[in-house]
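Residues in the sequence shown are numbered consecutively from 545, following this note's numbering.
It is worth saying that the hints were derived from the structure and are not from the lab.
Yeah, the Cβ is synthetic: ideal placement off N, Cα and C, and Gly gets one too.
Among the hints, a few may not be true.
Have a look at the derived ranges for each label pair, beta carbon to beta carbon [claimed, not checked]:
(1) 640 / 715: 20 to 28 Å
(2) 604 / 571: 27 to 35 Å
(3) 576 / 770: 25 to 33 Å
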Amino acid sequence: MKLDLFLLAIIPILIGMFWIRSKDRYCREPLIHLIKFFLIGAFLSVIIILLENLLMKFNVFEGYSELIYVSFVVAGLVEEGVKALILIPALIKEKHFTEKLDGIIYSVFLALGFATIENMVYIFSESRNLALQVGINRAVISIPAHVMFAITMGYYISKYKFEGNKNKRREYLFMAVLIPILLHGVFDFILMIEYRWAIILLIVYVIILWKINLDKLEKYMNHSKKVFFGNLRKKKKK
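Model the full assembly from the supplied sequences, consistent with the hints where possible.
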């Protein structure tokens with residue numbers, strides 16, 4: 545294994561982990577539990593890759609129909625669907641999932657576990673020169689996109705967990721699964737369009753994703769801060 549390519553695959557993941565960890569400032573999750581979700585994501589990558597390869601055998605489409613099938617079904621549905629299938633019940637059972645921000649933190653760690661293996665596969669399956677280009681492109685565009693999909697999923701899982709209304713809980717659960725699938729599908733669809741302007745559209749799309757999801761993240765960070773200092777004041781009164 546070539547060290548420079550290995551570092552190219554791993555460093556963006558480590559940056560993502562440290563970044564999202566730094567957002568959990570007041571009631572921090574145990575690192576061992578975050579690593580557990582990271583490893584779950586890495587394990588899921590094997591299942592996802594096998595499922596994607598299987599579905600590609602049923603690809604009888606051409607043109608834009610093929611792009612839609614590959615981006616929304618093979619990539620979006622399988623990747624985000626499998627993550628949600630495992631993440632949601634695992635998170636609901638997680639005893640340290642005690643505030644809304646936690647849903648995002650755990651979701652991102654799982655997504656980064658998946659992205660680690662995916663990065664390795666993409667980078668080491670190419671020739672050296674192309675591998676460097678692929679690694680840089682993924683570090684700048686693909687890895688941040690995975691983080692954004694994970695923030696979306698974690699955001700709605702948290703709303704599902706802490707919502708008392710049963711009808712709204714069903715709605716949030718549905719959104720936790722469907723919205724990341726659609727966001728991922730649109731991302732891959734733009735990525736596969738063979739036009740020069742598509743890269744500009746992709747960059748704009750990723751920037752919009754960042755803006756929307758950073759707002760979601762900040763909302764839950766503020767909630768975490770409010771809860772922390774609220775509990776602190778209650779303890780002082782006692």
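Results for each hint:
1. 640 / 715: 20 to 28 Å: holds (26 Å)
2. 604 / 571: 27 to 35 Å: violated (51 Å)
3. 576 / 770: 25 to 33 Å: Given range 25 to 33 Å: holds, Cβ gap about 27 Å.
Consistency with the previously given hints fails for number 2 only.
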